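From first to last, the protein sequence lines are chains A and R.
In this text, residue positions in the first sequence follow my numbering: the first is 993, and each later residue adds one.
In this text, residue positions in the second sequence follow my numbering: the first is 128, and each later residue adds one.
Derived from the structure by calculation, the hints contain no laboratory data.
Treat the hints with care, since some could be wrong.
The calculated lysine-lysine pairs, modelled on DSS-like cross-linking and capped at a C-alpha distance of 25 angstroms, are [said to hold, decoys possible]: (1) A/K1026 / R/K256; (2) A/K1065 / R/K369; (3) R/K209 / R/K391; (4) R/K369 / R/K214; (5) A/K1025 / R/K209; (6) R/K369 / R/K391; (7) R/K371 / R/K209; (8) R/K391 / R/K371; (9) A/K1221 / A/K1198.
Computed far set for chain R versus chain A, every beta-carbon distance over 12 angstroms [to be verified]: (10) R149; (11) F173; (12) E190; (13) Q201; (14) W205; (15) K209; (16) M230; (17) M324; (18) G326; (19) G346; (20) W357; (21) K371; (22) V407.
If you're wondering where the values come from, they're calculated on a predicted model, not measured in any experiment.
Glycine residues also receive a C-beta, built at the ideal position from the N, C-alpha and C atoms.
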Amino acid sequence: MDTPGSMTSPTAPGLAAAEKPKAIPWYKSRVEKKNLRLGILFISPWIVGFLGLTLYPLLYTFYLSFTRFGGFKDPVWIGLANYQRMFNDDNFSKAMYNTFYFTFLAVPIGVVVALMLALAMDQPLPEIPLYRTLLYLPSILPLFATAFIFMTLLDPNQGIVNDFLRTLGFDPPNWFGDARYSKIAIIGMAQFGAGQMALIYLAGLKGIPTSLYEAAEIDGAGVFNRLFKITIPLMTPVILYSLISGISGGLQVFTQSFIITNGGPNNSTNFLVFYLYRNAFAYSNQMGYAAAMGVVLFVITVLMAGLIFFTSSRWVNYDMAG
Amino acid sequence: MATIILPNEAELRQGDASRASRDRKIRFFRNQILPRIILIIMCAIFVMPFYWMVTQSLKSNEELTRYPPTWFVQDPQWENYKLATEKIPFWMFFRNTVFITAMCVIGSLISNPIIAYGFSRVQWPGRDKIFMIVLATVFMPFPAIIVAYLDVWTSLGLVPTFWPLIIPSFLGSAFFVFLLRQFMLQIPMDLSDAARMDGANEFQIFANIIMPLTKPALGVIAILSGMGAWNDFLGPLIFLLKQKLYTLAIGLTFFQSQADRDIKFNLMMAASVMVVLPVVVIFLFFQRFFVQGMTVGAVKG
């Protein structure tokens, strides 16, 4: 069994050496040295955690992605074979397709739903606290419990949703049992977390000065003009945050398929992390391949966050961010 | 020869009044009626999973399979709750979950203030650059490194135990550090300087002055970390490989695997109610902490 070596050096001496004090009086530099020691001492738990539980596992994941590894014997170097395998693995390309399908539908829909709820809650109604509580409630549910509930909620025979749709005269599908609808059902499920984002948006809306709306109204701007010319532009920093956290979370979708569909039917809910999990813990000797998928997930997350962040100067308005 | 009929002043005023009343009506609809319609419909949809969970949990086996399904329970079976705790070792899983959750809350309340203090109240060269690394790890996708992460804990001989789920909270979390740092930066530096003049050392200042002032933020962290631990699924799934260590999250999946095709949804929902209830109660009592914790990060970010 190999022992990871970098766990033994928790106090990263190189980290703080970056800034050399230039010609400051001796007493000041002594204070700085003392403060440096103090600062490092205070943040030392984080340094241990960062090096041991984030940086080292990340680097080790990169290494493992070039190996064949089963978890017990030492990893065997196989070069780029795991990455080459991805291109010929239909399950992997299906998992990538499913993951992007889920993320790029669930996240924008979530933004729209949350924005709608926030705009509705921005009105001075006396019973707003009640709505706020009820709308937030599903966000605190553990995902695994939500998954179990939705199994019975969307059950073709026992479920209340299909019964309701039948009374309206529809012929509802077997949501989780039909490859055409399983992802739609999981996307719909994800919208029950919109209450949390709505409260974040609401806090953003409260920060927009009413004088702006009053001025616009005097100029004769209608509801839609005010929404698209004032509200949404001023909300872009908050929307940026919700996009980054939403996409980062969406790419990690796992629990729903693990509990409800087991990746099926017909691989339609086989998501990247689900396939990664299967390779790591259900199939034997595939941990290297799973690590390669981990690298893919990491790189995509960084690229997405970077893309949103660096294009943000075009569409994010920071005038309001104080 | 066109005669221009000038409306007299009374007519003009009336026209104004009717336009104003129409405006008022539109405004009333837009500000009072429309938001209410949207919010009431959305609340009904958002409460439905809770309603259905409780309804299903009280149905008898016979009523559960009835078609079409009953929207209101005809004959509530309260003993489903007792049966659910007997079908799986519920209380053992419950104890495990409570232990892990309590330890995570304690760990988060100790580690994060200390780390945030180092990033906000002590001025040292390079501090803000290193803090950028903290921020960069907020959105780190945990599943990406899961294989290597498990390997770290296995090499330390801690799999399967509770410790891989507990120890990380004693090492701080990027999001909580960020939250507390924001909070601590708002406390005037004069307070620390005055205490320093009086001869207090940095640890006394931290423990006696700053900690008491961060209480509201600590409430947020206690709640969010507790909820994170209670609701965690992937962590227990990969680390707690023995039944006697399982948490409720893993325990609930027993209802699926036990009876092959015939899932006892009523017992599963009864167990779900018992898992979810503590979270809901805590939420209802400490709502403002949830809201604060969520909004501090985003709006000022």
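So which of those numbered hints doesn't the model satisfy?
5, 11, 12, 20 and 22
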